[in-house]
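Protein sequence lines, in the order shown, are assigned to chains W and R.
Counting in our numbering, the first sequence runs without a single skipped number right up to 329 at its last residue.
Counting in our numbering, the second sequence runs without a single skipped number right up to 665 at its last residue.
In case anyone wonders, no lab produced these hints; they're calculated from the structure.
Note that the structure is predicted; figures quoted are calculated from it, not measured.
Careful: at least some of the hints might be erroneous.
Just a few of them, taken from the derived set where beta-carbon distance is under 7 Å, the chain R residues facing chain W [what the hints assert, rightly or not]:
1. Gly411
2. Ile413
3. Ile468
4. Ile469
5. Gly473
6. Ile477
7. Val549
8. Gly641
Label pairs and their in silico Cβ distance ranges [said to hold, decoys possible]:
9. W:Ser288 / R:Arg530: 30 to 40 Å
10. W:Leu206 / R:Gly376: 13 to 23 Å
11. R:Ala439 / W:Asp243: 39 to 49 Å
12. R:Ile372 / W:Arg91: 44 to 54 Å
13. R:Arg357 / W:Ser44: 58 to 68 Å
14. W:Phe264 / R:Ser580: 37 to 47 Å
15. R:Gln636 / W:Val42: 22 to 32 Å
16. W:Asn92 / R:Pro495: 56 to 66 Å
17. W:Thr199 / R:Ala646: 29 to 39 Å
18. W:Gly208 / R:Ala367: 27 to 37 Å
19. W:Arg91 / R:Gln634: 22 to 32 Å
20. R:Ile372 / W:Asn92: 24 to 34 Å
By construction, the Cβ of each residue, glycine as well, lies at the ideal position given by its N, Cα and C atoms.
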Amino acid sequence: MSRGEGVFRKIGENYGVLILVLVFTVIGSNILQPGILSLQNVSSMITFGVEIGLIALGETLVILGGGGGIDLSVGSMYAVSQVVVGLLAQRNVNILLAVAAGLATGVAMGFVNGLLVTRVKIPAIITTLATMYAFSGVALLLTDGIDVSAFPASYSFIGQGLIGGLPAQFVLLYIPAALLLWIVLSKTVYGQQLYLTGTNQLAAVLSGINVKQVRMWTYVITGFLTAVAGVVDSSRLVTARPDAGATANLAAITIAVLGGTSIFGGKGSVWGTAIATLVITLVSYSFSLANINSVIETGTIGGVLIVVILFQGYLARWFARGGRVSVKA
Amino acid sequence: MKPLAVATQSIGNQPIDQSLQTGKRSVRYETILLVIVALVVVIIAIGSHGNFWSSSNLTSLLVDAAITAVPAIGMTMVIVMGGIDVSIGSVVGLTATVAGLAFEQNWPIALVVLLTLATGAIAGLINAWFIASRKLPPIIVTLGTMSIWRAVVYALLGGNWISTIPMTLTAWFVLDKLWIIPWSFVLTVVLVLIAAYMLRRRPMGRHVYAIGSNEEAASVLGLPTKRVKYMAYVSLGALTAIAALMTLGQSPLVQATTGSGFELDVIAAVVIGGTSILGGRGTVIGSLLGAILTQLISDGVILFQIQPFWNGVVTGAMIIIAVIMSLLNQRGAAHE
Numbered sequence: 001m002s003r004g005e006g007v008f009r010k011i012g013e014n015y016g017v018l019i020l021v022l023v024f025t026v027i028g029s030n031i032l033q034p035g036i037l038s039l040q041n042v043s044s045m046i047t048f049g050v051e052i053g054l055i056a057l058g059e060t061l062v063i064l065g066g067g068g069g070i071d072l073s074v075g076s077m078y079a080v081s082q083v084v085v086g087l088l089a090q091r092n093v094n095i096l097l098a099v100a101a102g103l104a105t106g107v108a109m110g111f112v113n114g115l116l117v118t119r120v121k122i123p124a125i126i127t128t129l130a131t132m133y134a135f136s137g138v139a140l141l142l143t144d145g146i147d148v149s150a151f152p153a154s155y156s157f158i159g160q161g162l163i164g165g166l167p168a169q170f171v172l173l174y175i176p177a178a179l180l181l182w183i184v185l186s187k188t189v190y191g192q193q194l195y196l197t198g199t200n201q202l203a204a205v206l207s208g209i210n211v212k213q214v215r216m217w218t219y220v221i222t223g224f225l226t227a228v229a230g231v232v233d234s235s236r237l238v239t240a241r242p243d244a245g246a247t248a249n250l251a252a253i254t255i256a257v258l259g260g261t262s263i264f265g266g267k268g269s270v271w272g273t274a275i276a277t278l279v280i281t282l283v284s285y286s287f288s289l290a291n292i293n294s295v296i297e298t299g300t301i302g303g304v305l306i307v308v309i310l311f312q313g314y315l316a317r318w319f320a321r322g323g324r325v326s327v328k329a
Numbered sequence: 330m331k332p333l334a335v336a337t338q339s340i341g342n343q344p345i346d347q348s349l350q351t352g353k354r355s356v357r358y359e360t361i362l363l364v365i366v367a368l369v370v371v372i373i374a375i376g377s378h379g380n381f382w383s384s385s386n387l388t389s390l391l392v393d394a395a396i397t398a399v400p401a402i403g404m405t406m407v408i409v410m411g412g413i414d415v416s417i418g419s420v421v422g423l424t425a426t427v428a429g430l431a432f433e434q435n436w437p438i439a440l441v442v443l444l445t446l447a448t449g450a451i452a453g454l455i456n457a458w459f460i461a462s463r464k465l466p467p468i469i470v471t472l473g474t475m476s477i478w479r480a481v482v483y484a485l486l487g488g489n490w491i492s493t494i495p496m497t498l499t500a501w502f503v504l505d506k507l508w509i510i511p512w513s514f515v516l517t518v519v520l521v522l523i524a525a526y527m528l529r530r531r532p533m534g535r536h537v538y539a540i541g542s543n544e545e546a547a548s549v550l551g552l553p554t555k556r557v558k559y560m561a562y563v564s565l566g567a568l569t570a571i572a573a574l575m576t577l578g579q580s581p582l583v584q585a586t587t588g589s590g591f592e593l594d595v596i597a598a599v600v601i602g603g604t605s606i607l608g609g610r611g612t613v614i615g616s617l618l619g620a621i622l623t624q625l626i627s628d629g630v631i632l633f634q635i636q637p638f639w640n641g642v643v644t645g646a647m648i649i650i651a652v653i654m655s656l657l658n659q660r661g662a663a664h665e
């Protein structure tokens, strides 16, 4: 086999579905909104994509850790952390301190999720379903359900500023986060432990890995990244919304799965998730340009999730055979 | 060959050891639950200065409990088998919309009821196909169908409301009573009793517990695991449609958000009712008590004039507490 074929197979196995979907999305969005890929549109698309992209990076880690790992509470954590920043800013707390408190709140919420899942051993679905409602209630209680908008002018830089013509949150937050996580997953001991934990929990335990702690970190990191996304959102809109992120869990899970993360754990990558973020952002953006209601957009994302997970198995096998149609054996 | 056949039979027809234990444990848990329900009733009755016993409050409480408890029957089976369905809030929206559109066309009420039930069953069938036949994770599938049905509701309604719901539904489910109990609650109790009998005594019901305890073993023993799963998700869909009709009886209006968040009420009722999220254990009578308890608490929130935002926090916390209690109970049993 030539080297080229090997590369084709490797990319195909890992990103086959994703690349196909990306091509279809680019064609589809161009039909829906001709000229959508203009420079200015791409720039605003990146702006929109950063928030869900950060959350999806966390979701990828949680699902990658296996053992039924999933985080349905991301949208609520996103709301709580931005509300904390907003309320503190309203009380004239230094904005850097307020942001730090918001991020700490995210970490704390992730810690609660991780504790309940790994130590108390409540399945992640139930834990995060319960905390999704609980955290969302907290966000509403803190604010009486009213948007908070009392940020200093400088705060809007994170969400609205430009660095070298690119959105500040993309350059300062998303790229470093993605690079850092890529290094963590591919170059560190923790990364190897996480993949092994997701692939085969028993083998991981037998080789002396503290599986609980490895999984615990995925929830804490998700809490943190979600809080960062919350800060970006409140900065972009200069408003902290207690009802923000209601459908973020669906989008984040769809992005992770579309990016090649196996829902059973052990498979997934930062690059896959990054490309999938592009796809979902493209869908969302072209829908909003075409004035299609967000309920329909969410429904479409749900459809993408089911179709992708349905065909992931088929396509992975097809690419594993080198793209040939098999003779039934 | 012979031992296999015997083993299958013992799971199919007679309660095996594990199930006997389940029965004993759940009776205890249900008794505790009943005591808690009684305590909460006393607290709310005293705290609300008698407003609790007003006929209108009791009626709305019992109808709310019925609306939660009916789908909880199906949800109990689904969770006992280690599954979950978060799409039922959107299925309430979908079936209510279909009913509303049919009422707008002046369809006879019997036909509308049939159509609504069929819609719910089809929604359940679609979930079942992905979960049982394609073996996809229930949470992913139902998270997807949840958003899809919501989008369909939006597309069908086009941002409008439907308010041409006949009074007959309100009469059936809310106004007409057996003594002081609305017929919707009576219907719920009957459905729960039928389901309890099926789950305890009939082969199909025993299969549900066998699959929940150890799906692989159940499958090796030749139990029709796929068929049982289809049965559970399809009945959940149809029962959700009944809940949608009751909802229309209580507030005769269909809008794009009808039913959203409803799935948490039902899952909370089932989990608080003692169904183990690890599968294999749970009873529909427990779920009925769980439904009554969760509705009592939201009723108390209203009577005590507490911020309604507390509802999500309290329900979420109650789920976690109930699960911890059931896990401790299960671990305790394992040590015995």
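Status of the hints after comparison with the structure:
Annotation: R:Gly411 was flagged as interfacial toward chain W, and the flag is violated, the nearest CB pair being 9 Å apart, outside 7 Å. Hint status for R:Ile413: holds, given a least beta-carbon distance of 6 Å to chain W, under 7 Å. At about 5 Å, the closest approach between the beta carbon of R:Ile468 and any beta carbon in chain W falls short of 7 Å, and the interface hint on this residue holds. Interface hint at R:Ile469: satisfied, since its Cβ lies 6 Å from the closest Cβ of chain W, which is below the 7 Å cut-off.
Taking 7 Å as the C-beta contact cut-off toward chain W, the hint placing R:Gly473 at the interface holds, the least distance being around 4 Å. Restraint check, R:Ile477 versus chain W: the minimum CB separation of about 5 Å is within 7 Å; hint holds. Against a cut-off of 7 Å between C-beta atoms, the interface hint on R:Val549 is violated, since the closest Cβ of chain W lies about 21 Å away. For R:Gly641, the interface hint holds, the least distance from its beta-carbon to any beta-carbon of chain W being 3 Å, beneath 7 Å.
Taken as a hint, the range 30 to 40 Å is violated for the pair W:Ser288 and R:Arg530, whose Cβ atoms sit roughly 55 Å apart. Between W:Leu206 and R:Gly376, the C-beta spacing of about 55 Å breaks the proposed range 13 to 23 Å. Restraint check, R:Ala439 to W:Asp243: a C-beta distance of roughly 40 Å satisfies the suggested window 39 to 49 Å. Checked against the hint of 44 to 54 Å, the pair R:Ile372 and W:Arg91 fails, with Cβ atoms roughly 36 Å apart.
For the pair R:Arg357 and W:Ser44, the beta carbons lie near 60 Å from each other, so the given range of 58 to 68 Å is met. Evaluation of the 37 to 47 Å hint for W:Phe264 and R:Ser580 yields a pass: the beta carbon distance comes to about 42 Å. Between R:Gln636 and W:Val42 the beta carbon distance is about 44 Å. The supplied range of 22 to 32 Å is therefore violated. Restraint check, W:Asn92 to R:Pro495: a C-beta distance of roughly 57 Å satisfies the suggested window 56 to 66 Å.
Between W:Thr199 and R:Ala646 the beta carbon distance is about 34 Å. The supplied range of 29 to 39 Å therefore holds. The hint said 27 to 37 Å for the Cβ distance between W:Gly208 and R:Ala367, and at roughly 51 Å that hint is violated. Our hint of 22 to 32 Å for W:Arg91 and R:Gln634 holds, since their Cβ atoms are close to 27 Å apart. Checked against the given bound of 24 to 34 Å, the beta carbons of R:Ile372 and W:Asn92, roughly 41 Å apart, lie outside it.
Consistency with the previously given hints fails for numbers 1, 7, 9, 10, 12, 15, 18 and 20, ordered from lowest to highest.
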